[in-house]
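A.B. asks: Here's the letter readout for the chains.
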Amino acid sequence: MWANAARANAAHERGSGIRMTGSAVIEVENYSKLYGDMVAVQSLSFVVQPGDVLGLVGPNGAGKTTTLRAMAGILQPTSGTIRIGGIDLAVDPVAAKGKLAFIPDEPQLFDYLTVTEHLQFVARLYGVPDAAPRIPVLLEELELTAKRDALPPELSRGMKQKLAIACGLLHSPSALLLDEPLTGLDPVGIRRMKETIAARAREGTAVILSSHLLHLVEELCTRLLVIRRGQRVAFGTIADIVADRPELSGRSLEEVFLALTGDDAEPSIAR
Amino acid sequence: MPAVPSALLFLYQRSLINRVRAQLARARSPRYIVAVILGVLYLWWALFRNARLGAGPFGTLAGSATLVPLFGSLTLVIAARWWLFGSDRGALAFAPAEVQFLFPAPVSRRTLVHAKLVRSQLAILLNTLIWSVLLRGGGGSAISWRRGLALWVVFSTLSLHRLGASMVRANALEHEHAGRRRSVLPLVVFVALLGAVAFGVLSQWPALRIAMQDGIGALSTAVIHALQQPVPSFALWPVRALLTPVFALNAADWFSAIPVAMAVLLLHYLWVVRLDTAFEEAALEATQHRAERLSRVRTAQGFGKTRSRTGRLARIPSLSLTGRPEVAIAWKNVAAAMRGGSWRTQLIIFTGGLIILAVATRSSSAHAGDVFLGVTVGWGAMLLFLGPLWMRFDLRLDLQRLSILKTMPLSGARIVAAEIAGVTFLHSITVWSLMVVPGVMIVQDPELLRSSGATLPMLLGIVIAVPTFNALMFTVQNAAALLFPAWVRLGTDARGFETMGQKLLTMGATSLVAAVALVFPCGIGVLTVWLSSVFDSPLGTWSILVGAVLACIVLAFEIWPVILWLGTVFDRTDLNDVGAPA
Chain A
1 MWANAARANA
11 AHERGSGIRM
21 TGSAVIEVEN
31 YSKLYGDMVA
41 VQSLSFVVQP
51 GDVLGLVGPN
61 GAGKTTTLRA
71 MAGILQPTSG
81 TIRIGGIDLA
91 VDPVAAKGKL
101 AFIPDEPQLF
111 DYLTVTEHLQ
121 FVARLYGVPD
131 AAPRIPVLLE
141 ELELTAKRDA
151 LPPELSRGMK
161 QKLAIACGLL
171 HSPSALLLDE
181 PLTGLDPVGI
191 RRMKETIAAR
201 AREGTAVILS
211 SHLLHLVEEL
221 CTRLLVIRRG
231 QRVAFGTIAD
241 IVADRPELSG
251 RSLEEVFLAL
261 TGDDAEPSIA
271 R
Chain B
272 MPAVPSALLF
282 LYQRSLINRV
292 RAQLARARSP
302 RYIVAVILGV
312 LYLWWALFRN
322 ARLGAGPFGT
332 LAGSATLVPL
342 FGSLTLVIAA
352 RWWLFGSDRG
362 ALAFAPAEVQ
372 FLFPAPVSRR
382 TLVHAKLVRS
392 QLAILLNTLI
402 WSVLLRGGGG
412 SAISWRRGLA
422 LWVVFSTLSL
432 HRLGASMVRA
442 NALEHEHAGR
452 RRSVLPLVVF
462 VALLGAVAFG
472 VLSQWPALRI
482 AMQDGIGALS
492 TAVIHALQQP
502 VPSFALWPVR
512 ALLTPVFALN
522 AADWFSAIPV
532 AMAVLLLHYL
542 WVVRLDTAFE
552 EAALEATQHR
562 AERLSRVRTA
572 QGFGKTRSRT
582 GRLARIPSLS
592 LTGRPEVAIA
602 WKNVAAAMRG
612 GSWRTQLIIF
622 TGGLIILAVA
632 TRSSSAHAGD
642 VFLGVTVGWG
652 AMLLFLGPLW
662 MRFDLRLDLQ
672 RLSILKTMPL
682 SGARIVAAEI
692 AGVTFLHSIT
702 VWSLMVVPGV
712 MIVQDPELLR
722 SSGATLPMLL
732 GIVIAVPTFN
742 ALMFTVQNAA
752 ALLFPAWVRL
762 GTDARGFETM
772 GQKLLTMGAT
782 SLVAAVALVF
792 PCGIGVLTVW
802 LSSVFDSPLG
812 TWSILVGAVL
822 ACIVLAFEIW
832 PVILWLGTVF
842 DRTDLNDVGA
852 PA
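Protein chains in written order, with this note's numbering: chain A, 1 to 271; chain B, 272 to 853.
In isolation and in its complexed conformation, chain A is listed as follows (with noise of 0.2 Å):
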C-alpha cells in the first residue's frame, strides 16, 4: 500500500510545479523517515518562500511533528534533503541551525534560569549582535516584562510558551518552525501570538505553523501542507487546493480539512 502510495507522491510532485529555488527560505525535497518498519514520513516535498506562513495540518499520527523535527535538525531524515537557506542540514547543520528557531508545542526550558537569563543564554549561543537592546522589546511584546526575574516553574503554561517563542524570536530567524504555538495562552496572549507571527512573516521569514486549530490557520497562512500517514495529500493556497478538488467548492476549511484527510482521500494535490 506504501509503495504505491509513494509511487503516486512521486507522480504527483513530478506534476505538482514544486520547483526548488534559490529563494526559498526552507526547501524539503523528498523527506522520509522510518522507525524500524514504520514509515513516520514518506517522500514529503515542499518549499517555503521569505514571507509565506505554511500552515502544516493533518489528523494526530500523520507526521507533522516528525517533519517538524527533522527540519529543525532534532530528528535524522532517514532519506531525503531539508535546506535552510540554501544551506543543506545534514552537511552544515551548525549554520543551517543558524538561520532557524523551532518552537515545540510543550515548552522545554531551564528550570535554574530566570526569563531574562534565557534570552541572554540564547543570544549568547546564537551571537545575536544587539542583544541588549533587542531582549527589552522582546519581553514587552510579549509581555514578559513584569517576570523577567521569574524562574520557569513559576510561570504559568502560557508565560512559558510566550518565553520559549521570544528566545526563539531573538536571533530574528530566517526560518521559524511553530508547533501548535497557541497552546496554554489566554485569548489576549492569543491575539498578540497571531500579531507577532504575522509580524515577522511580514519582514520575510518563512513561518511554518503546525496546528489543529484550522481558524488560525485559515486566519494567518498563506499556505496549506496536508498530510496524512505521513503523506502530503494537499499543497497550496486555499484556492489552489479547492481548485484540484472542485467538489470542495464552496465548503469551510474544516470539511475541506476532514475530506482531505478521511480515509478515501488520495495523495496529492499540490502546488
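Just so you know, not all the hints are guaranteed correct.
Here are some, though not all, of the chain B residues that point toward chain A, as calculated from beta-carbon distances under 10 Å [said to hold, decoys possible]:
| no. | residue |
| --- | --- |
| 1 | Ala585 |
| 2 | Ile587 |
| 3 | Ser589 |
| 4 | Ser591 |
| 5 | Ile600 |
| 6 | Trp602 |
| 7 | Ala607 |
| 8 | Met609 |
| 9 | Phe664 |
| 10 | Ser674 |
| 11 | Thr678 |
| 12 | Leu681 |
| 13 | Arg843 |
| 14 | Leu846 |
Output of the computed footprint for chain B on chain A, the stretches with three or more beta carbons under 8 Å from beta carbons of chain B [said to hold, decoys possible]:
| no. | stretch |
| --- | --- |
| 15 | 70 to 77 |
| 16 | 91 to 100 |
| 17 | 106 to 113 |
| 18 | 123 to 132 |
For each label pair, taking beta carbons as the anchor points, the in silico distance ranges come out as [what the hints assert, rightly or not]:
| no. | chain 1 | residue 1 | chain 2 | residue 2 | range |
| --- | --- | --- | --- | --- | --- |
| 19 | B | Val734 | A | Arg157 | 45 to 51 Å |
| 20 | A | Asp92 | B | Ile735 | 35 to 41 Å |
| 21 | B | Ser591 | A | Arg251 | 52 to 58 Å |
| 22 | A | Asp92 | B | Leu309 | 35 to 41 Å |
| 23 | B | Leu775 | A | Leu34 | 40 to 46 Å |
Hint data in this document are derived by calculation from the structure and do not stem from the laboratory.
Note that the structure is a prediction, hence the values are computed from the model and not measured.
Backbone N, C-alpha and C define an ideal beta-carbon position, used for all residues, glycine too.
Given the coordinates of chain A, assemble chain B onto it according to the supplied hints.
C.D. replies: Frame of chain A; chain B shown alone:
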C-alpha cells in the same frame, strides 16, 4: 482479590514486565549488546569472584560487636537528615500518572500507602540481594539466607521510617499549627535519641582526646566505647536491634535477634499506617503536593532552595552576551548547580567546617593534625570518586531536553565539551577547597605541615591534577549517559538508600574505567619522578610537579578524542533513544 489491590498489582506487574521487555529490546543494538556482556562480566567479578568479605576480615569484625554501634550511629545520622532536611522525593512521590489515575479513583489513602510500600519493595529486594552477595560471597549457604533476611528487615524498616518522616514533615509544613502539633511527639522522640548519643560521645571527651594522640585506630575504639555507655546505648537500642541480626555469625545469635528486629519493623509499619488515619483524609495529597512543589524549587541534591525566604534568587556569575557560544552552556549548568544544588551554600558550610575542625583538632593534641590530615586526604579521595556521581549538572540533566540541545547551532563535540566543562569547573573548586587544611596548618605552625610530609610541589601538583582528573570522571559519566541513555538514570533526582547497592556497583565500574585511563598518565608521572631521582636532577622535589603536569597533558590527550567521538554519538542520538519530549 479485591478490585483495587488487584488493579494496583496489575499496574506494577505489567509496568515491570514491559519495562524489562523494553530494556531487553534495546539489547539488539550492538552498543547495548557489548554493554550487557561487559556488565555481566563485571557483575560476576564484583559480586561473586571478588566478594569474599564474609569469610575474610569482615567476618572477624562482624562478630566483635564493633560494627553495630558504629553502623547504628551512622543510621541515626541518616535518619536525622530525613527529619531535619526532609526526605528526597522518592520517599513520597507518586508518578504523575499515578496521581492522575489513583488519587481521583475510589481508592482509600491506606491502600495508596500500601501501594507505595509494595512498590518500594522491588528496589529493597534488589539492594538486599546485592548486599547479601557482597557481604557473603558464594551465596546459597544458611548464613547467606539469614543475613539476606536480616538485611531486608533493615532496608524495609528504614524505608518505612523515611516514609513516616516525610509524612510527618509534609503534614507539619502543609497544615501549619495543627500539623505542627501532631508532629511534635515524633520530633521530640527523635531529637531526644540524637541528643542521648551526642551526650554519650561528649561525656567521653577526655578519653577521646587522649585516643586522638594514638591515631585513627585508637580513636575509633574510643568512639565505639563511648557509644556503648548506658545512655547512648539505650538511645541506639532500636537501631542496634535492627542491625544485630545482620552481623550475627551463628544461628543461635541470629534466631534470638531476628524477632526483635522484626518487631521494630512491625512497629514502623503500624506507625506509618496509623499516620495515615491520624492525619485527615487529605494528608497524602498534601504530602504529594508538597513533594511536587519541593521538586520544582529544589533538586534532591543537598538542601538547596532556588530562592531565599525573602524571595531573592541565588546570584550567579553574569554571562557576557558575546563570545564563544559553548560558554553559555557551561554557564547554564553552573547556574543550575548554584540555584538547584545550592552548591555555593554547601561549599561555604563545608569549607568553614573544615577550617573550624582544623583549628580545633590542632589545639586539642599534638598528633591531632596528622589524624585530621589523614581524614582530609580520605575525604578528598571520596570527593574525587563519588563527586561525579553526586554532581549531575551535565548531560545527565540535559539529555532530558535533547530537543533543545539539538536545535543549538553548535557541533555535538562542542556541546558535550561544554557540558563536561561546567561541572568539572565547579567540582574542582569543591575539591580545591580542601586546600584550606594545609593553609590553616601553615598559618598555625609551618613546621606542622613540613612534618606531615606535604611539600609545596606536591600541593601544587594536586591543584593542577584535580581538574584533569575531574574532567576524566565526568567524561566517563557523560559517556555512559550518552551511550546508554535508556539504562542510565537521567535528571538530578537522587534516589534513596534502597539503591545503595546499585550505586556501589556503578562507582566500581566508573573507577575501573578511570583506572584503565589513568595507567598511561600515571606511568608518565611516576617515570618522571623516578628518572629525576635516579639521575639526581636539579629539579629535586619539584619533579613531582613536573610529573603531575606531564600526566595531566597525557590525560588531556586521552580525553579530547573521546569527547570528539562522544560529539558524533550526540549528533546521532535520537530523541527516542533518550525518551525525551520534543
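A.B. asks: If a hint holds in the structure, say so; if it does not, say that too.
C.D. replies: Hints and how they fare:
1. Ala585: OK, holds: alanine 585 of chain B within 10 Å of chain A, min 9 Å.
2. Ile587: Constraint on isoleucine 587 of chain B satisfied, holds at 8 Å.
3. Ser589: OK, holds: serine 589 of chain B within 10 Å of chain A, min 8 Å.
4. Ser591: holds (7 Å)
5. Ile600: Check passed: Cβ of isoleucine 600 of chain B comes within 8 Å of chain A, closer than 10 Å.
6. Trp602: Hint on tryptophan 602 of chain B: holds, closest Cβ of chain A at ~7 Å, below 10 Å.
7. Ala607: holds (4 Å)
8. Met609: holds (8 Å)
9. Phe664: This hint holds: phenylalanine 664 of chain B lies near chain A, its Cβ roughly 9 Å from the closest one there, short of 10 Å.
10. Ser674: At about 5 Å, which falls below the 10 Å cut-off, the nearest Cβ of chain A leaves the hint on serine 674 of chain B intact, so it holds.
11. Thr678: Hint on threonine 678 of chain B: holds, closest Cβ of chain A at ~5 Å, below 10 Å.
12. Leu681: holds (6 Å)
13. Arg843: Holds. Min distance 7 Å.
14. Leu846: At about 6 Å, which falls below the 10 Å cut-off, the nearest Cβ of chain A leaves the hint on leucine 846 of chain B intact, so it holds.
15. 70 to 77: holds (count 5)
16. 91 to 100: Holds: 6 residues of the stretch 91 to 100 of chain A have a Cβ under 8 Å from chain B.
17. 106 to 113: holds (count 6)
18. 123 to 132: holds (count 9)
19. B:Val734 / A:Arg157: 45 to 51 Å: Hint holds: Cβ distance 47 Å, inside 45 to 51 Å.
20. A:Asp92 / B:Ile735: 35 to 41 Å: holds (38 Å)
21. B:Ser591 / A:Arg251: 52 to 58 Å: holds (56 Å)
22. A:Asp92 / B:Leu309: 35 to 41 Å: holds (36 Å)
23. B:Leu775 / A:Leu34: 40 to 46 Å: Between leucine 775 of chain B and leucine 34 of chain A, where Cβ atoms are some 41 Å apart, the hint holds.
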